[in-house]
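Colleague: Next come the chains, spelled out residue by residue.
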Amino acid sequence: MVKKLRFVKLISVARKARTVTRKYPFEGPLITEEFRGEVRLDPKKCIGCGACIIICPPNALTLHDEGDVRVIRYFVGRCIFCGMCAEVCPTNAITITKEFELATLATEQLLRDLVHERVKCRICGKPFLPAKLLKAANDDIPGSDNYIDVCPECRAKLGLKGILEHRMG
Amino acid sequence: MSTVNLSSALKALKRSVWVFHLNSGSCNGCDIEVLDALTPYFDVERFGIKLVASPRHADVVLFTGPITRETLPKVIRALRAMPRPRMVLAIGSCAVGGGIWHDSYSVIGGYPKLEEILKKEGVVIDKVVFVPGCPARPEAIIYGVLVLLGVVEPKSKREVYKVE
Amino acid sequence: MLYISLQVIYVVLAVLIAPVLDSLERKIKAKIHSRIGPPILQTWYDLRKLFNKELVLSRAALPLVLIVLTMLGLCVLTLLAIPAGIPFAFFSGLDIPFLVVLIASIQGLIIAASVVSDNVYAVIGGFREFAIGIVNEVALITAVILIFVSTGLTSFAMLPEAAIRPSYIPVLVLLLTSAYVASGRIPFDIGEAEPELASGILIELSGPALGTALYSILMKRFVCASLSALALVLPLVRLLNPLASFAVFTALTTVMWIIHGIIAVLLGRSRVDIAAKALVLTYSILIISSTALVGVGL
Amino acid sequence: MSEEEGNSGQVVKGSEEAIFLVENLLRKKLSELPVKIYRAAGDSIVVEVPRRYLRDAANAVHNDLDAYVRTCAGCDEREIRGIYAVYHILGLDNYGVNVIIKVAVPENDAKVPTIADIAPGADWCELEFRDLVGIDLTGRPTHRLVLPDDWPDGLHPLRRDVPYGVRPPPVKREEVSLIEIERPGIPVGPYHPALHEPEYFELYVEGETVIDVRYRGFHVHRGIEKLAESKLTYKQIPFIAERICGICGFCHSTCYVMAVEKAAGIEVPERADYIRAIVLEIERIHSHLLWLGVACHILGYDAGFMHTWRIREKIMALAEYLTGSRKTYGINIIGGVRKDINKEKVPKVLEVLDFVEKETKNLADVLLSVPEVKRRLTGTGKLYREEARKLSVVGPVARASGLYRDVRKDYPYLAYKHVSFKVPLYTEGDNLARTLVRVEELFESISIIRQLLDTMPGGDIRVEEYEIESGRVSVASVEAPRGEDVHFLITGEGRPYRWRVRAPTYQNIPALRAMLRDQQLADAPITIASIDPCFSCTDRLVIVEVSGGKVRRVRRINVVKVAGGKVW
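Residue numbers (the working numbering), protein chains in the order written: chain G, 1 to 169; chain Z, 170 to 333; chain L, 334 to 631; chain V, 632 to 1199.
If we strip away everything but chain G, and leave its shape as in the complex, we get (with noise of 0.2 Å):
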């Protein structure tokens, strides 16, 4: 007969477990500090150079070049946590938050945007890359001065030009 009535066990499982709710949200969250939450770009550190919007798997990091600015778009709506982003960043400008009280009642308002100058081409006028990343990229490559602030296309007809001056020298 006990071995029919075990069922009533419950009562003591439940006694002996007590109430565990956490009254979230007026108690903490059931939170670790390993969590993967929002990400934030540093506007300072960010060059726009564009790695994370190409490691980004749903694309939720994009990049649109518009008139003379380039802007870096990160929609948290789309964003998986996966941290990629934070990885693959030259200049550590992204870190991760945990942040996860992110509801909204529209879309536009989970939008984060970097606006980047884009620098106007010597020659042409045509404005091609944000400020901050030819100063980096001048950095790294010794003697690039004279023609970092050239756009690719005048910089190609450079070159080609240089090279007929020399071969027809």
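Hints in this document: simulated from the structure, not taken from any laboratory. Virtual Cβ for every residue (Gly too), placed ideally from N, Cα, C. Keep in mind that the hints are not guaranteed to be accurate.
As the list claims (entries may be wrong) - Derived pair list, reagent style DSS-like, types lysine-lysine, alpha-carbon separation capped at 27 Å: (1) Lys289/Z to Lys98/G; (2) Lys331/Z to Lys126/G; (3) Lys282/Z to Lys324/Z; (4) Lys16/G to Lys364/L; (5) Lys733/V to Lys660/V; (6) Lys45/G to Lys331/Z; (7) Lys733/V to Lys667/V; (8) Lys23/G to Lys324/Z; (9) Lys1005/V to Lys3/G; (10) Lys296/Z to Lys132/G; (11) Lys3/G to Lys44/G; (12) Lys16/G to Lys945/V; (13) Lys945/V to Lys364/L; (14) Lys3/G to Lys362/L; (15) Lys362/L to Lys660/V; (16) Lys296/Z to Lys183/Z.
Unchecked claim - Restraint-style ranges between C-beta atoms, simulated for each label pair: (17) Phe1052/V to Glu284/Z: 47 to 53 Å; (18) Ser12/G to Lys610/L: 29 to 35 Å; (19) Asn59/G to Asp295/Z: 28 to 34 Å; (20) Glu33/G to Leu349/L: 26 to 32 Å; (21) Ile714/V to Lys326/Z: 54 to 60 Å; (22) Val434/L to Gly1010/V: 41 to 47 Å; (23) Gly1010/V to Gly628/L: 53 to 59 Å; (24) Pro800/V to Ser177/Z: 49 to 55 Å; (25) Gly485/L to Gly1010/V: 47 to 53 Å; (26) Glu1098/V to Glu322/Z: 32 to 38 Å.
Fit chains Z, L and V to the supplied structure of chain G, relying on the hints for placement.
Modeller: Just chains Z, L and V, lined up with the frame of chain G:
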């Protein structure tokens, strides 16, 4: 059918929210977190939230998934079966932004894209809240419900930084 | 005069605290699940919200609403018919047969509901209620009749004798089990088995219609709880003065409701064929033993 | 044990010796067929056979060598060799070796003979490559399996020339009912409380007994394979692989990275193997606890659901503590893992494991002592051993029907060769057996993690530089909570050329028909749940012959007509 005055319905809803779980092709990560919200550690029943079996009984739809092409007609039918006030809580990066497969041939691409289709179909949704996350933690879902009920102001705002 | 007022108070009490008892039951269930559970007035909040919602009804669900309303009315009438721990008969003269007819008609209504709706789940849910309802109705009615026969009562107005006869025991057990099964809780909520039939008969209802349906179910549960309390309190009626026995009766009703709730948490849902077989078996044993004992005059 | 000659008892499974043995066996067995046999990456052998001998080769390998159907993949190789190719992957469990039968299909005559009658397990994956790659099948009735109903005929998404974002306008398809069924068809789904995912079972009942089942799935087809072959890169695919399923995602991402590492010959540091195995077992514990809770809920025993998930919460928090996310761990990357399980985290892991072990032990026997739960689990949803073997079912469903199949033992991978564990085996094949298999597996996983933590070597956890040569073929498999998860991969430039995922539930759904037939309607949800279906992994449709063996061509059945009622 009978017109119901929305304001008194919404006020009455603050203390008793019956939710219906609608999976439109999700990987079921968010669906498990939705179920997790019922379990002892989070216990949404203390807010008067109850999971119901039919859209006829529901006030809020817990919408997960990027709406695959196959589920589209059935999703519309389920939403139309709900009495007003009819509210949607879009949970997870699939529902909010189409997720990692947002531009695949077999996926509509999340709730924002469904909204246009719903307008064409004449299905009125009174209020929508988007809860990002992959999967959205149970606490994030609870926070989403609080925003839906107007108990809490959403923290997340659009930000634009100028880089000099 | 005192009796009528007590009886009316009892019915008013029933109408008000049935939802509160329901949320109390949910609270206790939550505690056993080691979680907090809803506030005490939660079921009232649910009902208030439901009555504020839009009524979406498919053409076929209209008769169902009628059935639900009549069920509500019948339950309140039955509460009037049950003597609230006091020797009083609201429908003097025909009191016992009238109580039996009322209980039978409540069960009958549920069975009628199964035929009405055309939603596939509602049809299946209805047939299941039908199967369990038939078996249980027989048991419940015989139990109610046997209670009065074994305590020598021909009308509620009389005072039942204090002595507890041995034949009273199987009758008591019969009534308690059939009242529990009639209250439609696990393991016998098969007609409304949520994970299988998406809440069976109720699937089509929404808003106010659903509100009335849920409220009528609560009233039915209150009838079951008070029937059980009546069986327990009958031997004491002679010993206590009317007020005391009325208080004991109401207290017992709430206690029975809570006990029903706790039993429901500990068990899983049965299957309609297993449940029907099990019930037929237990009921036949109980009925045979109690009629035999009563027949012998013990 | 199988009666195949030359038992491999003494050979270490998956070792060089085993592969050599299998190669000789194949050469001997297929000597009279014009075949080319050569080694592919890792533990697989490729058998190239002309189209007209496919059936003989398949028959030889599947029936004579007692191989199990693992999967098959169609591939559009017109860019490379101007042909379509069909790969049938059969696994020899006794040797731990995969045999890949490769068939070249000319571009203008894209047809291939079926092997579904020889190996019924291959039924579905054949129909899939017919849908997605457009290689037709001869010798069997065919129907649409994967693509949505309103998808136009003739447009095959996995062909290289079809862009991944194509959105053809819907095509109205009339619902023809060729089955005259006067009995009501009960729609279970697509939105049904017992199913947490949109799938669709139609049960034909007589009274309360189910006489037949029609399943229409594919609500969760997201075109993952097409995205991986055209848009995503090698580095990004582990994250989409992890989201194939929200419960066993880590198995898919591990299987993918192992397939790539095997194909490219990348030497993964041993510590990474240990970490991957530990997290795989943590995922198994959470998945089995989750299933136990859902099964109790379906049987009406909500207290069981609440308490199993209370225990499971600790495992979810532990997973977050080790990997950074509760479910989509995201630590798998080609060449190793991104997060280390360092010394000070180990005590926390052991503490949680002790808690889970103690609590689950005494909760499990309370659950199984509840009269209704025990009564409704025993004897329902029976699957006999021969039927299970014929359909090549996997995981707990196989182990509960007497088939001793476990990828961790048959095709050893990661660090499982360093730990000893028991594989629970039952023969009744009913829902109770499947429950007991899962509960015992849960305790085995706990002991596996403890052993792994003890013997974990030091060293770094990932390899940064690696070269992925294109055109290499490899097969990787992992024992997911629901069974054997197989990934087939052909490497390409910057991203895989073809990546085929065969999730475990894919093999188990056809077995459902056998389990549901002549059972009570009320047991349908628990039997469906007993294979622990994960439809976001699977997403396939199956056509059920009407009882009595008469084969009927069936199109979609208009439920409203059959049931006479309105489905909301």
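Colleague: Tell me the hint numbers this structure goes against, listed in increasing order.
Modeller: Of the numbered hints given earlier, those the structure breaks are 1, 10, 11, 15, 20, 23, 24 and 26, listed in rising order.
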